[in-house]
Amino acid sequence: MSGGCPFALDIFAEPAATDDPGAQFNFPLMPEGEAVDMGHAPDGTPLFDPRILNSAEFMRNPYPYYRLLRDHYPVFHDRLCNTYYVTRYEDITNCYFDDEGFNTIPKGSSSGVLGNTQLELSGVEHRRRRNLYGQHLVGRSLRNRIPAIQRQARGMIEAWERIDDPRVVSKSNGVGTVELGRAFANEFPIRVVCEVLGFPKEAQDDFYYWYNSMMSGLGGSQTHQQGLEARQHLEDYVEGIVEARRKEPTWLYDEAGNPISKDIITKLCETRVDGDFLSTEEITSNIALVVGGGGETTRGAILNMWYLLLQHAEQFEAVCNDDALWDTAFHETLRHSSSIGGQPRHNTYDVVMHGVKVPAGSLMQMVDFSANHDERIFKDPETFNIFRDDLYSGKILRSGYNRDGRHNHMAFGVGPHLCPGAWISHQEAVEGSRILLKHLKNPRINVGRMPKDIDGESLRPIGLMSVRELHLDYDLG
Amino acid sequence: MKATEVIGANGVAIPQGTRGSAGFRTYEVHQRERVGQSTEKIKPIQLVSPEFARNPYPFLDILRENYPCFRDWLSNCYWVTRYNDVTSIFTDDANFETRPKRWMLGLDNGGSNLGGEVPVLTAIANGIDGNAARLAEQAVSGFAGRGRADLAIEFAARFALELLLNLLDLPERDADRFAGHYLAMKRGVTWEPRLRQRGLEAAGELERYFEPLLERRRADPGADLVSAIATLDREDGRASARDLVVTLLELDFDTLHGTLANLWLRLLEESGRLQSVRDEPRFLKLAVLETFRHSTPVLQAMRFARHEVERFGRLIPEGGLVVCSAAAGNRDPRIFRNPDEFIVNRKDLCHREARGQYRTDGLATGITVGLGPPSKHPAIPEDRPRSAFAIARDTAVTASAVLLDALDDLQLEPGAEPYPVCRRIGEMHACWRLPVRFRKA
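Heads up: the protein sequence lines correspond to chains A and B, in order.
If you're matching positions, the first sequence starts at 225 in our numbering and goes up one per residue.
If you're matching positions, the second sequence starts at 102 in our numbering and goes up one per residue.
Treat the hints as calculated values from the structure; they're not laboratory data.
These figures come from a predicted structure and were not determined experimentally.
When the alpha-carbon atoms are kept at most 20 Å apart in a straight line, the in silico EDC-like pairs for lysine to aspartate or glutamate are as follows:
1) LYS491/A to ASP478/A
2) LYS491/A to GLU467/A
3) LYS665/A to GLU538/A
4) LYS603/A to ASP628/A
5) LYS486/A to GLU467/A
6) LYS386/B to ASP495/B
7) LYS662/A to ASP546/A
8) LYS144/B to GLU453/A
9) LYS202/B to ASP302/A
10) LYS581/A to GLU419/B
11) LYS581/A to ASP209/B
12) LYS662/A to GLU385/A
13) LYS202/B to ASP574/A
14) LYS142/B to GLU453/A
15) LYS581/A to GLU198/B
Chain B extracted, bound-state conformation (with noise of 0.2 Å):
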């Protein structure tokens, strides 16, 4: 048995056994990469540990102060950590890689990721912007009458996934199934194999379940994301099922749920907070803005070197995994001034929408990394949509309008403690917990 096939980066196979000077390093390269850096102030355990998932703030400035590129060798990857570091690895689609989610799950089916054609953006910032603020009304309407609520899971995490199932214009008998399915397949993204076991056949389930649903969108199309892919007009023929699957794997509504519930968790934090919004609606724009920086869900991305490059004083072997740690970027204080504290209408971050190396009108953005690199286009191109940063943004502030003029004298629960946490390393660092009282506007 040929235990090994080699196939080269243009698809074809490589016979073994020939002599040619792919992958040898010379010794003069070695000699570049001395022993000094010291490691003394953090151990890498640390960075998987459940510390870390509850706050990983401190760590974070230990590492950005002190090993810009910090190379970790228990989960072999190198941590980057300023601000204009991680923007540039994010913005260097040359030097760098973004695997999809589908490899890290293992999701091996074909399926592709039809995210990037125009038609379904078209149908993802339509359903998203008319319907938001009817969905937000409606979660908000469920616990108004009660006088509490817990605004992390009744408000965020419900409003984000509705949104979702109304985009695809699910029957709400399905809904619990298909809720169940997502989450679980999202979930399956990791390194837990029971999880990712879970993942895996939730994808399966769903597959199963978007079969019948695309023929008869196919037929009959609506507006809804599901028509979108169904009577997509692609070379490779009409999409399936799995690219269906694939392509809701890909799409982030962990951003819009962990920032709402961030927000949320910030403005209750300090009453003259929320008073400032309440006074000046334009502010929750820039509340929006200052959760991004933050309170960024989603902490970091995995950049992955498209061959060997030397960057921030160490040189990154081919295939080597960067960790672009928005966190860590975002409270830079070579960037923002008190980067810890949560100022609303913060005069150091840009207000509008980012564009090309994450700054605008000479200041910075908050990173978000679930949403992309900001566009590369001076201005938003005529025949496309919104982009994502806008859509998750605008509906935030939508959905955080809604709540604010349904409910008054809202305040955290006394002695109700929020619980801002990763609830898996790897997971989005959101606000699980956030118990409210308040009284019907």
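Here chain A stands alone, though its shape is the one from the complex (with noise of 0.2 Å):
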């Protein structure tokens, strides 16, 4: 009997992922603009391989990759992570509308860690609460805030004189220096937040941390049980607060003296929703979103457009000699880079789009992200530009804008689930930054104490992530 075997057995010899563990989830970290080759079908098409999705290299440079998949994945099946991921900006604002065929999640968004938040309701539901918490953030309430607004920043530049950290602040041969974030960014979105809803001052420093860690807990993260935890106790110390206000409501008032209106919390505590007051839970976990959406993008909407801005000089020039470029500053920013990535949807039937069969109940990301840097929307869209004459920069509208050639970005969303919060961020950020611009003169970047890319020179992308840190110098005198 022979014992030859009729195939080659070197056909087993492969090696296992585990005879070089680094190269798990280890990408070469490209010059900004260009994507690791990733494989090619025989057709030309360039493969994609999910597990740059979990990346160093794509934190930091996701443009090339978000490009790959409109071109050639508009709807991308991602086998490892179980999610389908859209990327087109007209797909995805057909699906914001339809929150029928595409429904928001239990959990979805936030993991458990926000809770059950409006973020996760769909239809009749969501539309029954949403102007419960949105009201308080436009319009003439916001309007009747905006003094406290600019108190608030005018407050903390002025506790610069009082900051004895040089690593906030510091002065030397007419030149200050200030790290943006710890000295005004960071907070300021909070202390605004926290002011609104009508917590007490004390807090704050809780608040940050809170905020913080649910911020990094999102998601299947590593700190997810700091986010977890972070939440709990907000909600056990948000639950003391419910309850007396219940009893007794507290007001905002003005400069002079005089109530402006009740606090958001008093005012939630007083709502009814069909016939019944909002229960304790559910006013946590809608404070909970607006802590956590309320900071984190305003925070990082401060410091991207700052180190943005200073890095075009002559666009920082045309902002401060005309302060109404603020506005256009402030969206360009957002659709160049903005801090919140997308958003989940369940399909709610079987649907096939762009080629792709998506079964019913899959998780869908829309990527808000991919969507403002569209090239079908947006010409150039890697350059930020604050002058470019397709992106509409006027009133966020639910509705969305598309006329005369001008886009809305897509950082607040568009339908249903448009971001309650987008007006009030769009004056923190705008009449933050006009205070600092008084305060500051001749801003520019302190190259030396910022980040680098790769080449160890330029100034790092921002990428995913907003800037963390932003060192300032500016004349003093």
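Bring the two chains, given one by one in their own frames, into a single complex with the hints.
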């Protein structure tokens, strides 16, 4: 009997993933705007490795990969993470408007950290509650609050004189150096949120910690547990406040000491839905959302806006000369580098999109980052240009904007789930920046203290994260 | 352009924008899932780590003992790890479904899986039963004269694949080509784009290869699997090469390959085990059953919720992916005493083929997901061949008996390290290196 094997046994010789453990999620860092080669199909179509989405390279340099997805896989099935990614502007807009076909999911967006929030309701239930929260952040109630926002900003900047920490503020030879994050942007939005919600001042430090932990605990992150704990602490704290407000309402006051309106928690305590008062849990969850959504995003918007403007001197000069351009700069910043990557949806039915069959109930990630860089909508999307003629920068509309060649950016989303804090964050970023500009003479980035890109010289691109620290020099006197 | 087209469950397009109740959830439903569950003991990234691929059991222990239904946010799935939970989902076709491998591969060529047709099942059973002993002898004689061998490759892997070749009755000159394409296609059932691409190409190659062969067998059928498919009498016309390729893709040969490799790893690890199966030949079958339990090659199965269901204290949404970990269930101390120990003649393991709910005579069986759930029939129906479970078990016994008879003084190569591993995340957990030395009997 012959023992000859009809096939060569080396077909089984394939190295195991464990032989090179480091190779699992490691991708080389590429120059900005270039993608790692992940292989090609015989017809030349580039392949897309879902592991890249978890890599450091992707965090700092995401846009060439999103372009790859938009061009070749407008609906990409990530088999590793059981997710479908939708990356084109038009598709995402359609899905956002169709909240029946693409509904939100329980805790899908916050992995339990934010709790049961508005983000996770759909249809009638969502519409019924939407205005409970949103109405306090727009229109007249917002205009009433602008002086309070300005007062907070001025107060924080005046406090620079009293900060004794060279990592935050320092002065020498007529030049001041400030780390805009720690000195201003990290806390400013949180203070505004606290004030608008009606939280006592002494709770603000805890708040800062809670919202940081909750933000970093979202998704399948390593710090998920920390996020859950922070959320629990916030909940315990807010529960006490809510109970107190139910008994005794509190008010917001203007500078002259006249009451403007009741604070938001008080108003929520008095609100009825279907004849019932809101439960403490409902109020807490949505406060968690306001804390999370109102803090991180606005912080990122302020830092990113200054980081980008100061790297484009002529645009910064234009803003200095024309106060109204801050609005445009704000929107272009959010288009170019927003802090919110996208929103998850579940498809209610089996759907076929761009030839990809998506079974009902699948997780579909709408990638706002990618929509904002869709060259089908925005010319030369990787360029920061506040003068661009294809971006709508007026009042944020739930219906979106698509006229005379201008489109809304997607940082606030569009449709039923449009960000209710869009207006207040706009006001915070713009009013805050105007006041900053008065104080900072001839501001410029202190390049020496900023993190560098892989070449060791140029400034690091913003990528998916907002700028963590922004060191600025300015002239004293 | 209309970007989306909505197809309902019955295949009819649903007009967009119609307002209905579908898809909306009530707030009360949300309230039932509270934040509470802690996840401090494990990070989801660990479940796709190289450490997990090497030895998944410590991680699965953490899940099973702390988080019976672990919400893995990173991989967007739920892990179910207790024996009774896992088996309940496997046998619950009303609430959960298994998506075919070709969905994962993205093989959208219209072929259908004929693996459930009786003539196909019969051809597989006969082909395997009739040739297992001969092919095992052939494989063993390939290295018996050398005094040393790598059982993982030269015995387990080779035997399983050769069995398949034989089942298809392919000419020897095509063996290399077929084996390469077949393995590439199987490996393509993954999230790795390069492997998937190769898998799709290989499936195309196989289809082209089988087209003329299928015609020849149709004209002149034999007893093999290709002939069985070629001559299949179906309502919707004759089976095509596509159907054959899809059927091959869904066929499970990993279990036999992995079980043989793991069985011999466990037998050689401890000389007492090998001696016990030498002394008592009927123990070989028990050792195979214990391998199914202790070292199941296919670690887990993916099941998708057909609709929103509440299980194990969690609300699993429609379309939710439930990863049923056979490996974790098989080591559940609630079911098996000292579950991490490999005991050849285990008293709390069912020694007959399980029926219905994975149990017979009140005893649990090892979960081997590659072989499907146990038959619901109380006995084997006369007009059907034996189950995949019985075939895999008996084939492993036959082949191992051949090896046992042919070699004396069988032992692990001194200093050599056996290598049980999933070569990639999602692939089977099998011993891929098992160097041994022996004397020819």
